[in-house]
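Start from the sequences, fold in the hints, and give me the full structure.
If you read the protein sequences in the order shown, they are chains A and B.
For reference, each letter of the first sequence is one residue, going 1 to 478 in my numbering.
For reference, each letter of the second sequence is one residue, going 479 to 807 in my numbering.
Certain hints may be false.
[Stated by the list, open to error] Listed below are the simulated DSBU-like cross-link pairs for lysine-lysine, each with C-alpha atoms no more than 35 Å apart in a straight line:
1) A:K44 <-> A:K30
2) A:K159 <-> A:K7
3) B:K618 <-> A:K244
4) A:K456 <-> B:K618
5) A:K44 <-> B:K618
6) B:K597 <-> A:K244
7) B:K618 <-> A:K184
[Said to hold, decoys possible] Not close to chain A: a few residues of chain B, all C-beta gaps over 10 Å, as computed:
8) E513
9) R578
10) N590
11) L604
12) P609
13) E615
14) G625
15) R667
16) N695
17) G730
18) F749
[Said to hold, decoys possible] Covered stretches of chain A (in silico footprint by chain B; criterion: 3 or more residues with CB under 8 Å from a CB of chain B, positions within the stretch not fixed):
19) 244-251
20) 258-266
By construction, these hints were calculated from the structure, which means they are not laboratory data.
From the three backbone atoms N, C-alpha and C, an ideal C-beta is built for every residue, glycine too.
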Amino acid sequence: MFQHYQKDDFFDEMFAESKGSVFGHYRNLKTRFETLSIDELEKKQRRVDHGFLEQGITFTVYGDDEGTERIFPFDLIPRIIPDSEWQLLERGLTQRILALNLFLHDIYHEEKIIKDGIIPGDVVKTAVHYRPEMVGVDVAKDIYVHICGSDLIRDGDGKYLVLEDNGRCPSGVSYLLENREAMKRAFPTLYRNSAVRPVDQYPELLLKTLRHLSPRAGQTPVCVLLTPGVYNSAYFEHTFLAHKMGIEIVEGRDLITVDGFVYMRTTKGLVQVDVIYRRLDDDFLDPTVFRTDSVLGVPGLMDCYLRGNVALANAVGTGVADDKVTYAYVPDMIRYYLDQDPILENVPTYLAWREEDMKFMLGNLESLVVKAANESGGYGMLMGPTSTKKEREEFAEKIKECPRNFIGQPVVSLSRHPTICDEHQIEGRHVDLRPFILYGDDIEIIPGGLTRVALKKGSLVVNSSQGGGSKDTWVLKT
Amino acid sequence: MLSRVANSLYWLSRYVERAENLTRLVDVAHDRVLETGLSNNAETWQSALYAICSTESYEEATGIEGNDLDVGRFITFSSSNPDSIRRCFALARENARMVRDQISEEMWLELNSAHLFMKSEQAETLWLQHPGSLYREVVKFCLLFEGLIEGTILHDEGWHFIQVGKFLERADKTSRILDMLTYESENDRAMLISVLRSCSGLAAFRSEFRSDVTLENVFAFLLFSNSFPRSVRFCLRQTDNLLHAISGMPGGSFANEAERVTGSVLAQMNFSNVENVLSIGLHQYIDDLQSQVNEIGQRVFETYVLLPSEVQNIAGTENWQLQWQQQQQ
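Take a look at the structure:
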């Protein structure tokens with residue numbers, strides 16, 4: 001099974017060296033997989049894929065024919081994280097979400113971090129997702145980012161780095177949970193013998209996080225999940241989570257506002273809503289405040305929110321923390337607010353609005369990844385080493401035109417993981433990790449996260465829209 | 479329950495019922511073409527198209543897909559037919575997707591795989607080789623689905639909306655199939671039998687009437703039978719009961735327009751016979767009945783889905799829907 005496996009020059013999650021010894025926490029797995037022929041493995045794979053399609057665990061592909069749905073490709077070889085490593089990640093992620101929340105409170109209130117010269121006010125206020133409407137507003141329990149999905153990668157030495165923080169509506173947690181179910185079915189014995197920490201408590205924890213925010217004391221809060229609708233690519237995830245939490249999934253048209261309160265429309269009349277887990281960007285939330293053409297939102301919602309009659313998770317205005325320029329300052333935030341050294345480092349980042357950095361970026365486009373500050377999903381990106389001269393020239397123009405909007409990072413050779421590839425081969429493919437962090441009464445991180453894998457040979461882009469797949473992620477109990 | 483959810487459950491079940499009725503209709507038409515021995519009996523197909531109100535969209539479709547477009551294919555698969563069986567499945571499944579958390583896992587799995595099957599080339603291949611086999615598969619699925627509705631979810635408010643959708647659709651389709659008999663001036667025995675079979679009611683007719691298959695008897699049976707589950711009266715009586723179960727209002731009175739209209743149509747049917755129908759004229763009677771069934775559907779929507787202020791102002795929804803789809807992406 002693994003006899004032709006090439007580790008090459010990358011950090012490999014499983015193999016310490018080519019063909020040779022694996023890391024201790026992968027020993028069980030290797031033994032089990034070596035008893036399988038590649039045929040058997042592919043048979044298992046087909047069964048799992050068929051199950052996903054039949055259950056409709058799919059995402060919608062945009063710009064394709066009517067309602068094209070695909071399964072998110074799933075790889076049967078799980079990624080394993082030993083307990084000691086996970087503890088480090090937990091501490092690092094906890095530190096980070098604390099700092100981000102303090103930062104968000106600060107920039108919408110006292111602006112201490114700006115006055116103390118740690119972050120230029122310009123950078124904060126020109127962020128596309130900065131919401132002046134939120135200045136001076138006290139959000140429920142003073143928490144802004146309740147659900148966070150930071151993307152982690154490992155460099156050539158196996159060191160974990162944070163690539164970005166997703167503090168708006170991070171998605172993917174349903175795949176994490178479904179991958180685990182599929183894995184348990186495909187390898188029951190291996191799973192049982194591996195002492196893996198469970199993940200299925202996530203929906204309960206999420207509901208607890210939401211209930212924590214309710215403005216109405218003394219009764220069971222009415223929580224709802226607000227979805228853009230059935231055509232959204234993450235719609236499966238929305239119904240999945242609502243169902244597991246036992247709450248209503250609503251669209252904007254199901255809600256109305258009356259005298260500063262939000263109600264849902266039922267066959268028995270109007271029912272007051274306390275907490276909205278919204279999977280809808282700020283822009284679409286309320287046509288009377290943000291995008292006026294939004295038909296997905298609820299007119300008057302912001303008014304109810306600002307009066308404190310309804311809570312939103314995540315809060316409005318958290319997008320500032322997702323801005324890739326803000327990202328570069330997170331280590332400084334940690335030092336500033338918490339007086340600690342960052343446990344997890346950032347990828348070194350050049351900011352084009354600094355003159356020196358811009359000079360460096362323009363001179364080294366070939367070896368850098370250039371990203372637009374507010375794009376996601378692998379869009380608006382220049383991959384220096386594989387780019388054409390024309391693409392580099394186009395990006396150079398864009399950078400000069402709007403320096404605030406671009407950052408540059410050295411290409412990190414992401415760690416690789418053995419993955420089942422076409423033509424019956426197991427080869428190394430690049431992976432990242434998106435853990436999910438919940439911030440309610442307590443901070444809870446679901447053990448592991450969604451491991452995304454770039455299925456195309458040599459590719460570093462793991463996004464599902466660009467040919468990425470995923471793996472189950474096992475955090476071991478010991 | 480959320481108004482939108484009630485609406486989706488209603489449509490989900492309507493589309494499955496529609497698929498089943500279309501399938502029975504097209505299966506019988508296929509059969510009839512065989513009986514007559516002609517290669518492609520245009521008349522049979524014309525009356526089938528007439529029954530499902532698709533004469534116009536068929537003509538449009540031939541403009542796109544060519545004059546030799548098979549009517550059977552048109553009803554079963556054609557993408558230019560807004561009401562094809564394949565599309566009914568897609569729409570049923572789309573509605574189910576919106577309320578996935580409200581229906582049972584089995585309902586979703588079965589409906590989703592039926593939809594995937596109807597979408598596949600495999601279904602078309604089977605249809606080419608042996609249309610009857612495909613139609614049997616479809617009807618089988620629909621019956622299975624009915625069983626799942628009966629046996630795997632709570633019989634609560636949502637279930638009542640599902641049932642209302644089913645019975646209104648069935649009343650509508652039975653009346654349309656009957657209308658085939660008014661399409662031609664003379665109906666032979668074979669045509670009368672076809673109509674009964676399209677409603678899956680030949681054996682039931684025989685045991686209830688024990689008499690000749692005549693135009694009057696067929697009308698009496700499919701309109702007024704008290705115990706045949708596809709007669710219009712039976713469907714409306716069920717609808718009436720279901721609506722009262724939803725509102726909690728005792729029978730014989732009404733709490734909203736949906737109940738008032740249903741009750742009055744039902745009362746009128748309860749005290750009519752086929753002679754009254756003949757004096758009004760078969761086609762005229764069916765025509766009136768259909769608009770009343772439509773009105774019930776509309777009133778249910780206004781009562782349970784719209785807010786009172788919106789009932790006045792439901793124009794321009796099409797444009798809104800388009801925008802709604804785009805922004806979600």
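Hint check:
no. : hint              : verdict
1   : A:K44 <-> A:K30   : holds (17 Å)
2   : A:K159 <-> A:K7   : holds (17 Å)
3   : B:K618 <-> A:K244 : holds (31 Å)
4   : A:K456 <-> B:K618 : violated (43 Å)
5   : A:K44 <-> B:K618  : holds (30 Å)
6   : B:K597 <-> A:K244 : holds (30 Å)
7   : B:K618 <-> A:K184 : holds (33 Å)
8   : E513              : holds (38 Å)
9   : R578              : violated (4 Å)
10  : N590              : violated (5 Å)
11  : L604              : holds (19 Å)
12  : P609              : holds (26 Å)
13  : E615              : holds (17 Å)
14  : G625              : holds (19 Å)
15  : R667              : holds (44 Å)
16  : N695              : holds (41 Å)
17  : G730              : holds (22 Å)
18  : F749              : holds (32 Å)
19  : 244-251           : holds (count 4)
20  : 258-266           : holds (count 3)
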